[in-house]
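Model the full assembly from the supplied sequences, consistent with the hints where possible.
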Amino acid sequence: MPSAIEFSHVTRRFGDITAVDDLTLEVPEGSITVLLGPNGAGKTTTVRLATGALGSDKGAIRVLGLDPQTDGDEVRARCAVVPPKPALYDNLTGWENLKFSADIFAADHAAIRPAAERFGIEHALDLNVGGYSTGMRTRLALARAVLHDPEVLLLDEPTAGLDPESARAVLNLIRELAGRGRTIVLCTHLLHEAEGVADQVVLMGAGHARIVGSQDDLADRFVTNPAVIIDAEDRSSLTRLNEHRDVVSAEWNGAIHVRLAHLDRLPDLVADLVGSGVRITRVEPDNPTLETLYFEMQRSLREES
Amino acid sequence: MRWDRMLTVARIDLRRLFKSKDYWIPMGFLASVFFIGLPFLLLTIVTSTTSSDLVNKIGEVLQTLPGPVQDNVVGTTPEARGAYMLAVYLLAPVAIVVPLTISSAVGAHAIVGERERGTGEFLAHSPLTEREIFMGKMLASLVPGFLATAVGFAVYSLLVNIKVGPLIGGWFFPTAGWWILIVWVVPPFIALALSVILWVSSKVRSTAAAQQAATLVSLPVIFAAYGVSSGLLINPVLAAFGIGLVAWVLAILGLITGSRALSRESLLGFGGDG
Chain V
1 MPSAIEFSHV TRRFGDITAV DDLTLEVPEG SITVLLGPNG AGKTTTVRLA
51 TGALGSDKGA IRVLGLDPQT DGDEVRARCA VVPPKPALYD NLTGWENLKF
101 SADIFAADHA AIRPAAERFG IEHALDLNVG GYSTGMRTRL ALARAVLHDP
151 EVLLLDEPTA GLDPESARAV LNLIRELAGR GRTIVLCTHL LHEAEGVADQ
201 VVLMGAGHAR IVGSQDDLAD RFVTNPAVII DAEDRSSLTR LNEHRDVVSA
251 EWNGAIHVRL AHLDRLPDLV ADLVGSGVRI TRVEPDNPTL ETLYFEMQRS
301 LREES
Chain B
1 MRWDRMLTVA RIDLRRLFKS KDYWIPMGFL ASVFFIGLPF LLLTIVTSTT
51 SSDLVNKIGE VLQTLPGPVQ DNVVGTTPEA RGAYMLAVYL LAPVAIVVPL
101 TISSAVGAHA IVGERERGTG EFLAHSPLTE REIFMGKMLA SLVPGFLATA
151 VGFAVYSLLV NIKVGPLIGG WFFPTAGWWI LIVWVVPPFI ALALSVILWV
201 SSKVRSTAAA QQAATLVSLP VIFAAYGVSS GLLINPVLAA FGIGLVAWVL
251 AILGLITGSR ALSRESLLGF GGDG
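For the protein sequence lines, the chains are V and B, in the order given.
Under the numbering used here, read the first sequence as residues 1 to 305, first letter to last.
Under the numbering used here, read the second sequence as residues 1 to 274, first letter to last.
One should not assume that every hint holds.
Okay, the calculated bits of chain V under chain B, using three or more residues with CB under 8 Å as the criterion [to be verified]:
{"no.": "1", "stretch": "51-61"}
{"no.": "2", "stretch": "92-104"}
Taking lysine to aspartate or glutamate and the EDC-like style, the derived pairs with C-alpha atoms no more than 16 Å apart in a straight line are [as the list claims (entries may be wrong)]:
{"no.": "3", "chain 1": "B", "residue 1": "Lys203", "chain 2": "B", "residue 2": "Glu116"}
{"no.": "4", "chain 1": "B", "residue 1": "Lys19", "chain 2": "V", "residue 2": "Glu96"}
{"no.": "5", "chain 1": "B", "residue 1": "Lys19", "chain 2": "V", "residue 2": "Asp126"}
{"no.": "6", "chain 1": "B", "residue 1": "Lys19", "chain 2": "V", "residue 2": "Asp90"}
{"no.": "7", "chain 1": "V", "residue 1": "Lys85", "chain 2": "V", "residue 2": "Asp163"}
{"no.": "8", "chain 1": "B", "residue 1": "Lys21", "chain 2": "V", "residue 2": "Glu29"}
{"no.": "9", "chain 1": "B", "residue 1": "Lys203", "chain 2": "B", "residue 2": "Glu130"}
{"no.": "10", "chain 1": "V", "residue 1": "Lys85", "chain 2": "B", "residue 2": "Glu130"}
For the record, the hints were derived by calculation from the structure and aren't laboratory data.
Glycine included, every Cβ here is placed at the ideal spot set by N, Cα and C.
Given below as structure tokens:
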């Protein structure tokens with residue numbers, strides 16, 4: 001699959017601080033890439049470099065086959081950015097904010113109302129944005145971002161401080177645009193929001209892309225012991241699971257989360273439990289969450305260093 | 001540069017300005033005071049005075065003016081000649097000071113305000129070029145000043161003709177010198193000052209700093225404007241065309257230099273005075 005965004009050994013400094021350090025990264029066309037990392041990891045600078053809002057000190061960047069520094073106007077016309085703060089004009093109405101964006105991005109004014117309806121903000125279009133709640137502002141910023149049907153959507157911490165309904169609107173937008181072949185880059189340090197949506201996960205730290213892969217690949221690489229969830233009619237009958245030869249660990253967390261030495265030992269474990277009179281009600285894979293992966297990756301990096 | 005996009009930037013800024021009563025009410029008050037209140041008060045005093053001391057003093061002032069200027073002063077009585085001098089010559093700098101103040105108040109936070117609100121991020125990621133943004137901001141800052149000039153000039157003309165006209169035999173204002181001042185001299189002076197103010201606005205980090213810098217920039221321009229308008233007394237046509245031409249050249253140079261000062265990084269809050 002061709003790349004929508006390519007960073008090749010890109011460095012960007014601000015005085016003595018290196019925000020992005022020799023970053024090499026590829027975002028395939030039509031994919032959802034999640035940039036994870038703590039504050040200061042370089043995620044926002046990466047987004048700004050991608051649109052050419054910032055220039056790089058070293059390295060090469062291509063977005064949709066173009067160089068954002070020399071063809072920035074075209075790159076920006078085909079991209080959209082939703083920044084952490086929605087960047088709206090408070091003393092203008094929602095309609096006026098959207099119209100301004102439509103005029104700049106050469107979008108049809110007829111697209112304004114459907115975009116607002118899509119994010120449930122159409123009832124407030126005639127109100128000044130200064131009176132909007134945080135969630136309404138973010139939804140208006142999302143409506144603004146999709147007005148010109150961008151090929152690449154860069155979302156920088158879009159769900160920070162949002163109510164669940166607005167956060168879901170963001171995730172639905174991501175899935176819907178990806179379904180239409182658009183390329184999405186989502187920067188976040190809220191791991192649960194990226195859960196299950198990412199085709200590619202990039203763990204950033206100190207301006208580098210430290211680990212890159214799909215969630216399944218990363219699970220294979222960084223979670224060494226497979227896990228299952230086991231439950232029984234009488235949970236007290238599972239208290240001695242830790243003593244079983246095939247079990248690495250067993251923890252109570254709503255149900256029993258069991259780490260096995262190998263997944264192929266699961267049938268033996270179940271047979272032993274049934275044989276000892278345990279009435280099992282649930283056995284299912286316990287796939288690592290992105291949060292689990294994140295901390296496993298961080299631990300792995302610490303051990304390497 | 002795409003003119004439609006530049007006009008979009010200007011239009012949205014003007015729209016925001018129009019909805020900001022905190023801005024236009026004080027500015028309207030300022031324009032009213034200088035174009036209406038102050039001239040009305042002074043002209044009323046001069047035209048209705050019965051004090052022989054005041055009349056004598058006006059006569060003495062008239063005697064100090066250069067010969068060609070004295071020849072241009074119309075009126076048969078000291079009161080009429082004093083009122084004419086006041087209306088045509090002494091209040092001319094107001095025509096520059098008021099619009100300049102109004103425009104520089106807008107221009108001072110035009111760019112740094114985008115940063116402070118966070119809306120600079122939106123502009124930085126937009127397909128607008130830096131020049132389109134700068135020129136849009138410039139236009140949005142010029143329009144209120146020009147509008148104040150046009151409206152103030154019209155009202156001032158009416159006021160002067162009503163107050164002084166009967167004393168000198170009919171309506172006489174605006175004179176040729178005032179037309180040239182308003183149409184040819186005021187616009188480049190405002191543009192020149194604004195190009196510097198916007199340059200400053202793109203460099204500093206806060207609106208307060210931009211306003212302080214704007215005041216410093218405005219002062220010499222106001223003094224220059226005062227000198228220019230006084231120079232117009234001597235030979236309106238030659239002085240106005242010459243000075244206006246120089247001001248236009250400087251304004252164009254200022255626009256070119258100023259538009260280069262704006263960068264996407266400055267819209268995001270990087271660079272500047274630290």
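These are the hints, each one checked on the structure:
For the stretch 51-61 of chain V, the stated coverage by chain B holds: 5 residues have a C-beta nearer than 8 Å to a C-beta of that chain, and at least 3 were required. Under a criterion of three residues with beta carbons nearer than 8 Å to beta carbons of chain B, the stated coverage of the stretch 92-104 of chain V is upheld, 6 such residues being counted. Of the pairs offered as hints, the one joining B:Lys203 and B:Glu116 holds, with about 13 Å between alpha carbons and a cut-off of 16 Å not exceeded. Between B:Lys19 and V:Glu96, the direct Cα distance comes to roughly 12 Å. Compliance with the 16 Å bound is thereby established for this hinted pair.
With a C-alpha separation of about 14 Å, the suggested pairing of B:Lys19 with V:Asp126 holds against the 16 Å cut-off. Taking the CA atoms of B:Lys19 and V:Asp90, the gap is near 11 Å; set against the 16 Å cutoff, the hint holds. Using a Cα cut-off of 16 Å, the hinted pair V:Lys85 and V:Asp163 holds, with the two alpha carbons roughly 15 Å apart. Distance hint between B:Lys21 and V:Glu29 is unfulfilled; the C-alpha atoms sit about 48 Å from each other, more than 16 Å.
A distance of roughly 14 Å separates the Cα atoms of B:Lys203 and B:Glu130; the hinted pair therefore holds under the 16 Å criterion. Of the supplied pair hints, the one linking V:Lys85 and B:Glu130 is violated, its CA atoms being roughly 22 Å apart against a limit of 16 Å.
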